[in-house]
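Visitor: Listed in order, the protein sequences are those of chains Y and C.
Residues in the first sequence are numbered from 1 upward in steps of one, following my numbering.
Residues in the second sequence are numbered from 251 upward in steps of one, following my numbering.
It is possible that part of the hints are untrue.
[Said to hold, decoys possible] Once the Cα atoms are required to be at most 27 Å apart in a straight line, the calculated DSS-like pairs of lysine-lysine come out as:
#1 Y:K211 x C:K479
#2 Y:K204 x Y:K159
#3 C:K523 x Y:K204
#4 Y:K247 x Y:K101
#5 C:K523 x Y:K150
#6 Y:K212 x C:K479
No lab work stands behind these hints: they were computed from the structure.
Here's the letter readout for the chains.
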Amino acid sequence: MGVAPPWPPRDEPSETVRGKGRYVVGRSARLGIFSSLLAVAVGLVVFVSMAFLRTEPPTLDFASGHGSGQAVDLHLQTVGAIGFGTHPGWVSYLTQALDGKWVHTTLWDLPADTRINVTIDQYDSGSPLRNPQIGAVYGTLGNTATLNGKPISVIDATKGNGVGHTFSIPTLGINVPLYGVNGNAKNFCNSAPCTLSEAHNTVKFSFMTPKKTGQYAWQCFVPCGGGYLYGNSGPMQTISFMDGFLKVVS
Amino acid sequence: MSDQQATAPRGSAGGPNHGARLAVAWLVISAIADPLFWFAAGPHMPPGDMTSSASGAQFDFNVLMMAALPVTLGVWLYFGYAIVNWRASKGGSDLIGGPKARGNMKIQTAWIASTTIVVLSAFVFGTVELIVPAGAGGGEGPQPIWTPTSKTVLPIQVIGQQWKFTYRYPTYGGFETDTLMVPNNTTIAFHVTSLDVIHDFWAYQLGVKADANPQQDNVAFTTTHALGKVTVRCDELCGIWHGAMFNYGHVVSKSTFQQWASSNETRLAAVTKLLPPFSWTYTASANGADGVYYPDNVDPYSKIQLYGAQPVSVAQAVKPTS
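In isolation and in its complexed conformation, chain Y is listed as follows (with noise of 0.2 Å):
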């Protein structure tokens, strides 16, 4: 009578084994069970982390059906708080689509070489700028836009209501200011998407997009990002809030 063998044997099939009583699983079987359970694991991070990276707002189609040598109008505006979503704090642009919904995207497909008819309508409040250098309107066609129905060539920030926001392309080298509304207003707009009976400002001007296709970066340069260091954070640095992209197509 000698000693009995371990159980299960080192050396058993990779196979579930029926004991006494109860199941015992083998060595092998229980490193394919843990590398399947890895593998479902990693699959799901990736997939999440690809849907998450893979999520965009909604690009507005300006340029389907445009005809040649056709303006195109884009209506935009600016809210202090956008007031729903996972950041409802936020400022925020928004777009108007072509049936005239107010659409939270800050991304357009814009024909090339085109006229861009802008309106912007502005419901935020404003402030001094850090670099006032900002102030100024270049870079549309005539280098001026019109604040009201005004044309203006510079804001002094410092004066009024200051600057709520800026629409500016940095590589087409266009920067337009817009005049802040007065935060103390009654019917100072809370939450987007504002109508016109709100305090607002209305900003116009126009500008070509680039023969060259592509994908232009823009931007508001007022550091809006409120509680974030230098405001540039936040809103500042998602799409959707205060900064996004000309797709330029042919």
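Use these hints to put chain C onto chain Y, whose structure you have.
Guide: Chain C in isolation, oriented as in the chain Y frame:
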């Protein structure tokens, strides 16, 4: 037998002198490759020769390539020669290597001496080039160890902010613009600073690369030699639009620069009036949109900041010569 094999690669008695063969072949191909590189490829090496610092960087690159080429060719030559002459063959002798190949004092001494010379030479050359005028072409810092020999210098302030560079010209009323314009045949002092996070001003064709730190005046000198287009990029990861933080500039003739600067001084007067007084550095408020930027000091022409050189004025060095 094993002793004979061990010495075979170095030239066994009655056999070919491999060492002499290799040395001669190496000298010949190095003598061909080095001048070929220097004269044919050297003038086209980055970052070009638009400025003193660019040509300095190009010279450094070419010298180091001249040193590296013979080393590379020597390795390749030995590799090829070994494959052809000492490869294993059917019925041939055992491979030679490992302990049998050790113990040759001549080879060991030559190897240690040559690698030491190469490494120390690169160290000395690199160090000297860093400290001689216009050698490195980088930001020389607030207290540079060399200053330009030019009697005049045009200061241009580079201001980084998330996410663009702007340029102030203190000798033209301190106007600020998105475009970098530089006169030819002029010594420039780039005073690089930032209003928020750390950026890096990299004017590739000018051979100038200097960190833009908030409240620091990082100085980089260069002297322009040729007309042309300049690409400026931020070379310090600074946020989501770091990749979009680039713009273009030009080296133009003195007369064109004079015209451009004067017209911008006039055209941008309304904006310039809103800017803070010119200063080498600024203090930006960290309170987001409520912050403006303030001058840290207000003496743009102090001798300390210009290192004894005279600032270029409208009527001085940038006056049209033709």
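Visitor: Starting from the hint list further up, note which numbers the structure goes against and sort them upward.
Guide: Result: no hint breaks.
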